[in-house]
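I would like the entire structure built from these sequences, with the hints used as guidance.
Going down the list, the sequences are from chains B and G. The first sequence begins at 111 in this note's numbering and counts up one residue at a time. The second sequence begins at 225 in this note's numbering and counts up one residue at a time.
No lab work stands behind these hints: they were computed from the structure.
Between beta-carbon pairs, the in silico distance windows are:
1. G:277 to B:191: 42 to 48 Å
2. B:262 to G:388: 37 to 43 Å
3. B:266 to G:368: 25 to 31 Å
4. B:266 to G:541: 50 to 56 Å
5. B:185 to G:368: 47 to 53 Å
6. B:177 to G:574: 46 to 52 Å
7. B:247 to G:368: 28 to 34 Å
8. G:427 to B:262: 42 to 48 Å
9. B:137 to G:572: 50 to 56 Å
C-beta: ideal position from N, C-alpha, C; glycine also.
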Amino acid sequence: MSNNYIPMSTQPLLLAQGLCKTFGGVKAVQTAGIEVAAGSITGLIGPNGAGKTTFFNLLSNFIKADSGQIELNGQKIHNLQSYQIARLGMVRTFQVAKALSRMSVLENMLLGAQNRAGEKIWQVLLQPTLVKSQQRESKDKAMSILNSVGLSTKAYDYAGSLSGGQRKLLEIGRALMADPKLILLDEPAAGVNPRLIEDICGHILNWRKEGLTFLIIEHNMDVIMTLCDRVWVLAEGTNLVDGTPTAIQNDQRVIEAYLGID
Amino acid sequence: MVIYFVFLTISAATYAIFSLGLNLQWGVTGLINFGHVAFMAIGAYSTVLLSLQGVPIPIAVAVGAGLSALLGLLIGMSTLRLREDYLGIVTIGVSELVRLVAKNEAWLTKGTFGVQGYPKPFDFNPNYPTKIFFIIWLTAICGLALWRLVLWMRVKNTRLINGAIAIIFVLTVDVCGSLALYGALPPYYQYDYRAGLMLLTLTTLTVVYLGLERLVNSPWGRILKAIREDEEVPRALGKNVFWYKLQAFMLGGAIAGISGAFYAWQFSVFPDNFEPLITFNAWIIIILGGAGNNLGTIIGAVIFWGYSEVTRTELFKNIFRAVHLDDTQQGAFRVMIIGLILMLIMVLRPQGILGNKEELTLGK
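This is the structure we're talking about:
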C-alpha cells in the first residue's frame, strides 16, 4: 500500500531489512523489515504468533538475528550488544511490564539515567560529591517525569505495589530517563483499564511533540488508530503490508490474515 | 575469659568480612556462589606463602585479594553468562578444586601438613605509647559503631532494646580489647599478638563495611540490585549486565580473599580448613542477618559465633551429657540445632533479622 501519508525524510531513524530468526524448526521471523521515520509514531500489528515480540527482540538484540541488517540513524547496530543499542538511543520496554518490584518507584526511574558517575566503583569511592550532585539532578528529572505521568505520590513506594497500568507508565518513564531518540513499546495498552489507556495515549502524543519517536506493538486498534502515523503489519513472521492506519484497516490482506482465509 | 572474648571477636569479625563478600554477590546481586571458601583459601595461602618469602604483610594481603579477584574473573568469565544455578554448581566445584590442589601440590602449599610459622601482623612487644595509641584506635572504631547505632535507634522506638544490647556488646569489645592491648590479662599479663590482630580485624571490617555501604547505596549498587530483580531491565536501559556481575563477583571474591588472611592469622592454614562447610556457614550468617543487608550480615556473624562458642562451654556440655549425648554426638547435635534455628527463621522471619519483610512479600 501507499506510503503517501508521511513525507519520508531521506533517512529513517530506524531501518531494518531482511531479519530472520528460527527457533529449531519454527521460522519465527523470516525476512521481515521496518522503517521508522524520525518523529513518527509507527505501529506494528499482526495476529497472535505473527512474530511481533520476536521482531522487537531482534531489533533490540535481546535475541540475536540469524541474518539481516538493522540501522539506527544510519549506524549499523545489529552487531552491537543490547545495552549498547540502548545507549545509542533506542530503548525498549516489555510486553509484561517489568517493574523492579522490590525497588522503589523512584529507584526504578533512576536506573534509567545514563552515564552517571556513580555507576563506576572508583567514582563512588573517590568522587562522592560528584556522584551526589549528579544523583540530585537525576532525581529532579525523575520526579518531573513521574509528576507528568501522575506517579509522583508513589515515588517512594515499592514498584511492586503499582497496578498493571501504572507499571506500564513507570516502564515508559524509566525509558524516558535514558534520553532516548526512539522508544519501542510492546503492547502499552494490554491489561490496562480504558481510562488509563487514554492517559497513556495522551502522554505518548505529548512526548512525540517533544521530539521522541515511538514504535508500538499493539492489539488495541483504537490505540493504533489514535496514535500511529504509519502501520506495519506482520503475519507469519514476514511483512504483509504497510501504510496509513485507515488504509491498513480496509486492506483485504490484513483482514484475511486476522480472520483466516476460507 | 577476657582473652577468650578477644578470640571470639576476631573469629566473628573474620567471618563477617568473609560473609560480606558473599552478601555482595548473592544478597545484593543475586549470584549463587556455593564456593565462596575458594576465595578465602586463595587469600589465606597467598598471604602466608608470600609473607614467608619475606614479602611485607600488607602487600601479601593485597596480592591475595588480587588473586582472589582473578579467580572470580576466571569463574565469572566462563559461567556468568549462564543461568544462575549453573554458577552455583561451578563454584562448588572450583572450591573443591582449590582445596584439592592445596592438598596435593606440596611443592607450593606444603600439602596436608599445612603452612606453619608464618609471620603475623602486630606480632611484637609494643612500648607504652604504642599501647595507648592502639587503645585510642580501638576506642575510635567502637565510638564510630556506637554513633551509627544511636542513629539507627533514633529511627524507631522498637529498636531501643536491640540497640541497647548492641551498645553493651560494643562497649564490652572496647573494654576487653583495651585490656588485652594493654596486656592486663591473665595468664601472661602481657601484650599478645591476638590483641593487635583483633584491632586490625575490626579496622578492616569497619573499612569493608563502610565501603560496601557506600557502594550498595550508590547508582552502582542500584544496578546490582536491578540485576538481582530482573537482569533484562538494566540491559534494556543501557547497562552492561555481564560486566556488573563480574565486578560484583570479583569484588566479593577479593573481600573474601582479605578475610582469608585473617583466617590464617587467627586459625591455621591446612587444606582441609577450607571445606565447603565454611561457605555454608557464610550462607547461614547471611540468611540469619537478612540477605542484602550488610549490617545484618555482621550481626549474623556475631550470633553464629556466639552460638557455636557458647554451646562449646562446659555448662552446655554438661547439659548435653545430661540428655545422654556423648562428646562426639554433641558436635553433630549443635549443627542440628543450627538447622532447626534456620528453619524457624524461615518460617517466622523469612527476611532474616534485619531484612525487609515487605520486600519478600512483593511478587514480581
